[in-house]
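J.: With the hints as your guide, set chain F onto chain S.
If you're matching them up, the sequences are chains S and F in order. Heads up: the first sequence at position 67 corresponds to 67 in this note's numbering, and the numbers run straight through without jumps. Heads up: the second sequence at position 262 corresponds to 1262 in this note's numbering, and the numbers run straight through without jumps.
For the record, the hints were derived by calculation from the structure and aren't laboratory data. Among these hints, one or two may not hold up.
In silico DMTMM-like pairs for lysine to aspartate or glutamate, Cα to Cα no more than 25 Å straight-line [as the list claims (entries may be wrong)]: (1) Lys1216(F) x Asp1145(F); (2) Lys80(S) x Glu41(S); (3) Lys80(S) x Glu38(S); (4) Lys3(S) x Asp1145(F); (5) Lys1223(F) x Asp1297(F); (6) Lys1402(F) x Asp71(S); (7) Lys2(S) x Asp1145(F); (8) Lys80(S) x Glu97(S); (9) Lys1359(F) x Asp1297(F); (10) Lys1216(F) x Glu1350(F); (11) Lys1408(F) x Glu1040(F); (12) Lys72(S) x Asp1215(F); (13) Lys72(S) x Glu97(S); (14) Lys80(S) x Asp1394(F); (15) Lys72(S) x Glu1401(F); (16) Lys98(S) x Glu38(S); (17) Lys3(S) x Asp1215(F); (18) Lys1408(F) x Asp1394(F); (19) Lys98(S) x Glu41(S); (20) Lys98(S) x Asp71(S); (21) Lys1223(F) x Asp1145(F).
Model, not experiment: these values are computed from the prediction.
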Amino acid sequence: MKKLLLISVLGCLYAGYSTWVYTDGTTSAAAMSPAAMEGKELWQRNNCQTCHQLYGLGGYMGPDLTTITTDKYRGPLYAKAMLLNGGAIMPNFHLTEKNAADIVEYLSYVNTTRTLTK
Amino acid sequence: MKQDAIPKMFLTLGFSSLLLSISFGLTASLQYIFPHFASEQFSFQKTRPLHVFLAVSWIFSSVTGIIYKHITVYAGRPLYSVPMAAVHFVLQLMAILIAVTGFFTGHFSGREYLEFPPWVTIIIIAYWLLFAVNFFATAGRKLADAPVYYWMWCTGVVFFLITILEAQLWQLPFFGGNVVRDITVQWKANGSMVGAWNMLIYGSAMYAMEQITGDKNTGLQRKSFAFYFLGLTNLMFNWGHHTYVVPAHPVVRQVSYIISMTELVLLANIILSWSAGYKKAPVAHYQLAYRFFRIADVWVLLNLVLAIAISVPYINQYTHGTQITVAHAMGATIGINTLLLMGCAAFLFEWKLQAGAKKTIRAGLMCIHISLFFLWISLIGAGIARSAAQQRHDYFALLSEKVLPYLKSFSASGLVLTIGICMVAIPFVALFVRRRGNMPR
Chain S
1 MKKLLLISVL GCLYAGYSTW VYTDGTTSAA AMSPAAMEGK ELWQRNNCQT
51 CHQLYGLGGY MGPDLTTITT DKYRGPLYAK AMLLNGGAIM PNFHLTEKNA
101 ADIVEYLSYV NTTRTLTK
Chain F
1001 MKQDAIPKMF LTLGFSSLLL SISFGLTASL QYIFPHFASE QFSFQKTRPL
1051 HVFLAVSWIF SSVTGIIYKH ITVYAGRPLY SVPMAAVHFV LQLMAILIAV
1101 TGFFTGHFSG REYLEFPPWV TIIIIAYWLL FAVNFFATAG RKLADAPVYY
1151 WMWCTGVVFF LITILEAQLW QLPFFGGNVV RDITVQWKAN GSMVGAWNML
1201 IYGSAMYAME QITGDKNTGL QRKSFAFYFL GLTNLMFNWG HHTYVVPAHP
1251 VVRQVSYIIS MTELVLLANI ILSWSAGYKK APVAHYQLAY RFFRIADVWV
1301 LLNLVLAIAI SVPYINQYTH GTQITVAHAM GATIGINTLL LMGCAAFLFE
1351 WKLQAGAKKT IRAGLMCIHI SLFFLWISLI GAGIARSAAQ QRHDYFALLS
1401 EKVLPYLKSF SASGLVLTIG ICMVAIPFVA LFVRRRGNMP R
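Isolated chain S (complex conformation) (with noise of 0.2 Å):
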């Protein structure tokens, strides 16, 4: 019985920690644009964190993005240009000018999110 009590409790503290997760626990003042929301699905449909980070979820292969957009070694053009080009490992992905402004949008505001990063 005790154990069915203390299992229920948990549960209880889980449903409630989860629902504050969802909602003030991740609140952000930060928008996305529907260029961003954009920039956003091309970034999954390209799987793009299988090379690259952003605040540390993803592969290793490329460089964290998180901060891409501000880095004054990198910045917006040279993400765009990557995008339209590849690089030495990067492979080309033919996207559109478009596309490519799209996702460094989605960059630009994953970068205004930003309070803790590396």
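T.: Relative to chain S, chain F alone:
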């Protein structure tokens, strides 16, 4: 179809997935050194998701096969529905084939670890529901007076359903339209899903240990349940150490830090206390299973040290987003989960293996153990080199150059690890596809 065919079918699927996973993993590791290696057919964009997805398929296919066997022996009655289990198998095979075809043809969801097209989740939920119905109907036992491993199985069955659904929340704009929420919930779902499969695997290993030792008391002791509840607390709340850098509410970090400090200490303790029991027991019929479980103990301890270290926020800010996280994942997935699953397979089938096959498996196990140690150390070295380069704000090309020697060592270890896994998996698959012979009772 005979009852005994079901576990064999799932284990065959599991070991086949493992062999494919390790092959794609080896290819992906070589692509770190030679970026254009086999890239025409298998680009890194495909090899990494193939490796990860097939590794997860290995875990779920084999653990469900093992539980289908364990639950009938535990309940002392035949499986509730063999046709239902057969349908489960067909759906699971179908989901794997669709996902793999999707990766080859470039259809991704773009979600870390669950990169298959999102609608495949419907098939996964369908077969998992069939598994749950079969499991609970066969067990037919009240939870209150059941041993701890039955609680663990029930927890794993229920939480996998919760977490696979939670992992799809990104499709709702409320979640997908806020990157902080999206990434936090993604880690939350993935972290708890790992907790769910750990419950299934540890429960199965404990059940095997109980059968080996003949000790029926440990599974009912208060200490075992205390550890189970702490493990469950970790499953529910200890996912946040992956999100220390995500700008969610600070309470998320604080909760996960407090909980994570208890995490693997509990698992090490619970497994070692079980193993202390079977050290004294006769293990003549379970030599192979015994070896797998003993070596898994070593990996529990190694990962314990690493997991605690990377959960400390000060250390985590340097290790997160580096290969040290991969070392932790590899150590847990291969060193603990894979060895425990192989140990469970050995527990069920050791008596049917020929002497030569047993010898090959023993040699393969040592090969896995030693090569995994070098692979693990190589990844930690790569992570330290990457972290140091990040602190210096090195260009990515320079960073890659610093990490390269460690990745070469990682690939070489991966090659030997692949050989070791083949030496264990192939004799089992050969046994399962043989027509004659029954399962032990």
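J.: If you check each hint against the structure, which ones fail?
T.: 12
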